[in-house]
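> Each chain is listed here by its residues.
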Amino acid sequence: MTAPSAPLIAMEGVTKTYSGITALADIGFTIGAGEAVCLAGENGSGKSTLIKILAGVEQPDRGCIHFGGVEQGPLNPRLSAAAGVMVIFQDFSIFPNLSVAENIAFSAGLAQSHRLYARARVRALATATLARVGVDMNLDAPVETLSVAHKQLVAICRALACDARLIIMDEPTTALTEREVRALLTIIRRLKSDGVAVLFVSHKLAEVLEVCEKVVVLRNGRKVAEGPATEFDAASLTRHMTGRDVAETPPGPVDPAALVLMQVRGLAKSGAFDDVSFDLRAGEVLGISGLLGSGRTSLAKALFGLVAPDEGSVTVDGHVVPLGDPLAAARSGVGYVPEDRLTEGLFLMQSIARNVAIGRLEAHGQSGILDFAGLWGEAVEWLRKLNVKAPDVDAPVRSLSGGNQQRVVLARWLSRSPRVLVLNGPSVGVDVGSKADIHGIIRELSAQGLGVIVISDDLPELLATCHRILVMKGGCVTEDIAGDATTEADLAHRLAS
Amino acid sequence: MRHIDFTRNETLVGLIILAFCAIAAISDPGFLSMPTLTDLLRGGIVLGIFAVAALLVLISGGIDVSFTAVAAFTMYTTAMILNTWAPGVPWWGAFLLAMGIGAGLGAINGVFIAGFGLPTLIVTLGTLSVFRGFMLTFIGSKQITTLPPGMREFGRMMVIRGTNPDGSFYSLHAAILVTVGAVVLTWAILHRTMLGRSIFAIGGSVESARRIGINVRRTQFFVYVYVGMLAGLAGVIHASMARVANPFDLVGLELSVIAAVVLGGARLAGGYGTLTGTLLGVTLIVLVRNSLVVLGIPSTWQSVAVGVLLLIGTGLPAWQAKRAAARAA
Amino acid sequence: MTNSRFATLIAGPEARLAVIALIVFVAMAILSPDRFLSVQNMTSMAFQFPEFAILALAMTLTMLTGGIDLSVVGLANLSAIVAATILTTYAGPTATGSAAFLWLGIASAVALAIGALGGLFNGIAIAVFGLPPILATLGSGLIFTGFAVALTGGSAVMGFPAVVAWLGNGTVVGIPVPLILFALLALALSFVLTRTAFGVRVQMFGANPLAARFAAIDVTGLLIRVYVASGILGSIAGMLVMSRANSAKADYGSSYLLLAVLIAVLGGVNPYGGYGRVIGVVLAVLTMQFLSSGLNMLGVSNFARELIWGVLLIFVMIVNTRLVYRPRKPKPLT
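Residue numbers (the numbering used here), protein chains in the order written: chain W, 1 to 497; chain L, 1001 to 1329; chain G, 2001 to 2334.
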């Protein structure tokens, strides 16, 4: 059926526009059986549109797709699945309440139009599939009890159980620890030797380069680079993705006489982080980095009272901050910009102005009645200062782009004139231009004497903004490096080793 | 011996039932007897069918408060239709008719929930009053005291009859077999068909279910039709056992039934729930309704008792989950 | 900006509802002009709706946070029964003058306190113990009703001083007291929701509870206050029912729960939280009352009214989910 020489998937001239905006322009590349391809690109570069087209969820405006050398008509999800194209979304799309075995076998059962559910068949399929990837797991464990890596494994197995020929993995490594990434790579190698092709789609792909044959880089909907994986490294990938060569200017030095704003002493929470101590000076930007599971996010939340530490102390301006109470932390002058903007940071359906003003209700409502003129005026003023491009501050905040949304959250906290601002992943899901702007804002804030803590695993970001970087491993701060005394490669090495 | 998991609702409810029975047996030695058991089972017949229906909806991630209205509507309409047009229909014919009417009413819920994607609580609150209002306005609001012969015949069927030492009689109605049948059928659907697994799957994550190609609408539609069918069955059994079709019966029970199911470990958010837990929950509710007096608590307090049980039974797991989440963070 | 505010007002569910209310009013006026438009009917409507309208205000407040209060009718009856017991035991039907007033005052204060306590119980169950609002208030509703049954054995408590009737049947300068009470409460709630920090927080919390926590809003305190307010509103409604019925009973107003949910949803309150305006709820109340009185005059039975309410509830949900809650597609911003 399949011509032996034909690649598994070939795309030619694929173009897709959404209401006049080009999401993909004239994209073409091939994936061979058993090949692993990296599709790299920043947010908004057209990666997700490409996934949707391959999965049959969206139709391209122009261009054609060949499966095994045969040109396809309009695809739909069923046809794509029948051709063996399986997508593993970032959230894995698995069922937390069902067992490992059932999650693995569910799609296959649906695809074969089974009406009855036979436990023995399901277990046999799950066992066989797990054997294919060479992993041993408790088949009866509910998936909600598994670690992220194991959930991902279940999602991979589910795709394999459906006779996947190409597995598309959306941002596969973002939630994994270094060791888990290694384990994933081992599994990918097994899949490849089994003839299964893999398409990694991510904005952070340096970790998976070693198992890939080919790299395709998208920028603004166009293919800007394609070539054997051996010709790329982390730096060149970033260069192609961002289209910029020059690194941002690192921050100037901190005034050594500057006051200590925040003092953290012996902060510990069992299972999350242990004995964390540091000082933050006025005007200093402190980076905290570590792989996932290193405790960096728990620590960030603990600084803002969202997580209650077991012991230790935090003081701001010499005053002790009660632990485990976000209200107290906010009153002491700590602000927190969360990692997941959409669910934790914003009230999506509420107006832009309200999203900023929510932080200042106390100040404008002391008599019990809100002073709306003052409240809105201040909010609009902050939006203007942060350069938020919004035609109408009464529009819901969801109508803004990622970068502008992040600035709305920043405006909320800045309007409270905090002493210390904790930024967890300040530029996650933000386009390249806005990212540089946000870094500019961080530098400006530190120049004004604010203490800023940046929690991130984006190394260029840390280097571009931080005076000092703390490296966390296994819940402990293992290194305290001056920002100008390290390089990206050095930092990556310290994180991983 | 295996470790007992006290965070499971089944365990908790089972222990409460045991404690209840132990205390009852101490204060009244006559408690542990055949009549108590048959009374308990009799009380659980209609409630049990309702609970199985409510469980299915909860697993699918919805909530249905209209099933009692479906049951009342169905039993009244069935009795009226049979009396008017087909008095000769045997009892199983009445059952089929009731299941058909119930399924039809359930399909109305299904259209609004699966078709229009409306919130299940609001829809079923609405259909609760629509079904009830329609029946009382257009079909009738007077009790039907002379049931059709088929239903009367079923009303007299017993599986167990016996005499107490004191000479009084006890008996167990044959309808218990229908309840057992409903439980077995529902178990088979939930655990032995892809449809049943899909119900669990959409309760676990609707979005994931859509992505892997489960027909979410069709599954939801089935759930509400099936629930309507079970409710219709429960209605006609209720009327047969009471030997009267009172249109004002049953409605008002729905929250107690949901309380029983939730006590048994089903979660409002969907995806979780077992038939064992549901039956334990029903047992506890029936025990409280029938036998609170044995514990020395006046029967006027039964509603308080059910409320307290519900809050403890759902509050403990919720509190534990909240603490676990705070610990993990 | 003024323009867009005006546009949102027209696009909002309240404007549509105003049209519906007007249509129902005109239709009833045409179908039964002599009776529907009579002063007598207008007055009797003004006496009837405040009790369930106040329950609808309670429902609105809890729905704004994405919750629901299924215990509000049970709490209303429990408060009324305790108040009624105080009135019959200490004042009795023959009491007059200042003694009767004093006892009415005490009974009302106790009723409000019970409403607040019941609400506090709900609030703690939901905010501190993390119970879903449906379950917490379902359970507490059973308990409140259960207490009401246990206290009275299920029978009505009656025999109040004559002054009690004033609360539900009296007038002040020709305006029915219940109407005044409802107007004051509606204004107060509207004021709180639109003009105070608490009101804005309630709506923001309803829109995204997690983001509210991350924005350093006192989520626990907020929820507790919402359910306490709901309980107090419930007990006020209970006192009105008691006064109008001249008795208190555990199963009064059992159909009001559905009605309160219906009115809140009809009034454009999003049952998932985050959106709702008091003016919408007031319009919904009026619509329901016009419909109810008009149908009554046309000789339609109570049961048919229940049917019509149910149809209306579902119809409004369909319209609202299609037009309101579903986010309009964002304009791409570049």
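Just so you know, these hints were derived from the structure itself, not from any lab. Warning: the hint list may mix true and false statements.
[As the list claims (entries may be wrong)] Calculated cross-link-like contacts (lysine-lysine; reagent style DSSO-like; alpha-carbon spacing at most 30 Å):
| id | chain 1 | residue 1 | chain 2 | residue 2 |
| --- | --- | --- | --- | --- |
| 1 | L | LYS1322 | W | LYS151 |
| 2 | W | LYS192 | W | LYS151 |
| 3 | W | LYS52 | W | LYS192 |
| 4 | W | LYS473 | L | LYS1322 |
| 5 | W | LYS151 | W | LYS473 |
| 6 | W | LYS473 | W | LYS389 |
[As the list claims (entries may be wrong)] Anything over 12 Å on all C-beta distances counts as not near chain G; from chain W, calculated:
| id | residue |
| --- | --- |
| 7 | PHE29 |
| 8 | ASP136 |
| 9 | ASP170 |
| 10 | LYS192 |
| 11 | THR230 |
| 12 | GLU231 |
| 13 | SER236 |
| 14 | ALA258 |
| 15 | GLN263 |
| 16 | GLY305 |
| 17 | GLY345 |
| 18 | GLN350 |
| 19 | ALA357 |
| 20 | GLU362 |
| 21 | GLY368 |
| 22 | GLY429 |
Don't be surprised by glycine CBs; every beta carbon is placed ideally from N, CA and C.
> Could you work out which of the previously given hints the structure breaks and list their numbers from low to high?
Hint check: 6, 16, 17, 18, 19, 20, 21 fail, others pass.
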